[in-house]
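Given chain A's structure and the hints, the job is docking chain B onto it.
Quick mapping for you: the protein sequence lines, in order, are chains A and B. In case it helps, my numbering puts the first sequence at residues 1 to 303. In case it helps, my numbering puts the second sequence at residues 1 to 301.
No lab work stands behind these hints, which were simulated from the structure alone. Ideal Cβ positions, reconstructed from N, Cα and C, are used throughout, including at glycine. Careful, some of the hints might be misleading.
[Claimed, not checked] Cβ-to-Cβ under 7 Å is the rule here; a few derived chain B residues that face chain A:
| id | residue |
| --- | --- |
| 1 | Pro45 |
| 2 | Ile126 |
| 3 | Val145 |
| 4 | Gln150 |
The residues making up each chain are set out below.
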Amino acid sequence: MIRSRNRFCYLMVAPTLILVVALGIYPMLDTLRLSFLEYNLLRIAKHGTPFVGFKNFDTIFHNPMFMQTLFNTLAFSVLIVIGVTVLGLLIAMFMNLEIIGRNFLRSLFLVPWVTPPVVGAAIWLQLCSTTMSPINHLLKLLGIIDGNVRFLTDVRTLGPLSIPFLVIAAVRIWHGLPFTSVMLLAGLQSISDDLYEAAEIDGASTLGKFRFVTLPMLRDVLLVTMTLLFISTIGHFATVYVMTAGGPNNLTNILGVYAYTQAFVFYHFDIGAATSSIILVLTGTVAAIYVYLQSRMAAIEAG
Amino acid sequence: MKAQPTPSSLGASRLSRQVRRLKLTAWRVAVVAFVTAALVYVLFPFYWMLKSSFQTNVEVVASPPIWLPRTLSLEGYVLATRFIPFAQYVGNSLIVSLVTTVVCCLFASMSGYVLSRFRFPGASLILGVILFAQLVPGTTRIFPVYFLIQRLGLLNTYLGLIIAFVGFSLPYATLMLQGYLRTSCPMELEEAAMIDGCNWFTAFLRIVLPISAPGITAISFFAFLGAWNDFLWSSLLSTVGDLRTIQVGLRFFMGEQGGGGGSQVNAFMAACVMTMIPGLVLFRLGQRYIVRGISAGAMKG
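Isolated chain A, as found in the complex (with noise of 0.2 Å):
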């Protein structure tokens, strides 16, 4: 009887794990084997493939443009995680209340979410443009400044940051806004009110019962946005891409563009391999661990 039964299991798993192993777990080794051959698809009718070792690894960590991408890459991760993490909470807090209308606000605050990146990169660029932009055309108004700001244009910087980079992270933080404060407020709502009654006997304020019932009870939830935002915003692609391919000037390039623009802008596949495998190590570590956490609570779970 057991026997069938795990042999009924193995049957109904076997389409999903092939699928999975061949286009994801399978690709993934094959991308860090990639990296070191050689793979310029200029030079491959005569030179093949061979084996380079770690050539294409010491490229690119010798090239400042790769340098200051992979840089970008960590800067954008912990501003946007910050900022995601900050905004969505206050979002959640107050989604949180009861109040009427509150299930219209909620889905307001969600349409972000299903905008396709493109849609959503097209309309800020609209917004962000140097001469057409309503946001230019405010400050102005309001006297906050003299002169167009030229958003994705404007190649000053101060150390790491330039108005380019902040508005492609005041972007991203759009996007990601709607997802964290979804999972924020469904950890909000676990928090039982007798926890903050308690709280309010031994004479805590509003910041006091935040900090001593709501953070810790959250901490849980927090650590899995966290990690889910973090990795998702090493390997993204999409939103940059679109509004700005990386530029100007390199200032807001990410590790996912810089692969896909020297494989199929210039054609240097072992490049592009050899980036795709430094997100694939970034990202494959925060996985690791993260699933292991998960599998060893399930584990305590089941007892």
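Structure of chain B alone, referenced to chain A:
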């Protein structure tokens, strides 16, 4: 003996009540200010898109920009379908997204079911593999998948796109369904069916599938939207004119016609509005399921 309120204690409590009321008002102002700012941040782009789609192009590209349309016109919508083969692109996206959704529902329900119910050897390893594949971003896989699809001769075909889309949607669908079935469906019904003579598979078809309908609805939304909204894989695998998905088509519109740079912007905005319709419709229909799906992910962690 009851304590009588003295004049001084009355004064003190009145003062603290006033302070409390002031604090409440200050908080309330802050909350309203924040929520208004957040709503503007979140929704203003959509207002601009809608407004631009109903203006004449002359108004849209005006500098300084025109905030309220002076003349309403459908010029954008008419032109959108002429600048790019809009219907063709939408058709491509529809076909590929629908097939992806069906395949995902089928395979995810099969594997989600057994992974949620039965402790068979290797089950947790399989779950771990699926979770890992779901977490790691697609940009780590683009080249090998590109070469694979190319070698299979499936570049610029519906099948190639479907394969890629199923690849990135299936893990999430399986995990969501597995979580849903684990928490919401008791095993008694299947056991009763099996006593009545069903084998495992018929029990699955007749009992489990109908019960898991809400979960399957949820993953259909995610699978369809994921495929409809995708840009990375569609721009990778389907670049030749006719087979473009609408997202790649929009990008093409931007580049060729300078939709981002100022040519036929109202038409481009109209195309964007139309592209958002399936997402909004599905969202309206399935908001409950979508939110539940995301929340379930939050609680599992």
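Each hint tested on the structure:
no. : hint   : result
1   : Pro45  : holds (4 Å)
2   : Ile126 : holds (6 Å)
3   : Val145 : holds (5 Å)
4   : Gln150 : violated (12 Å)
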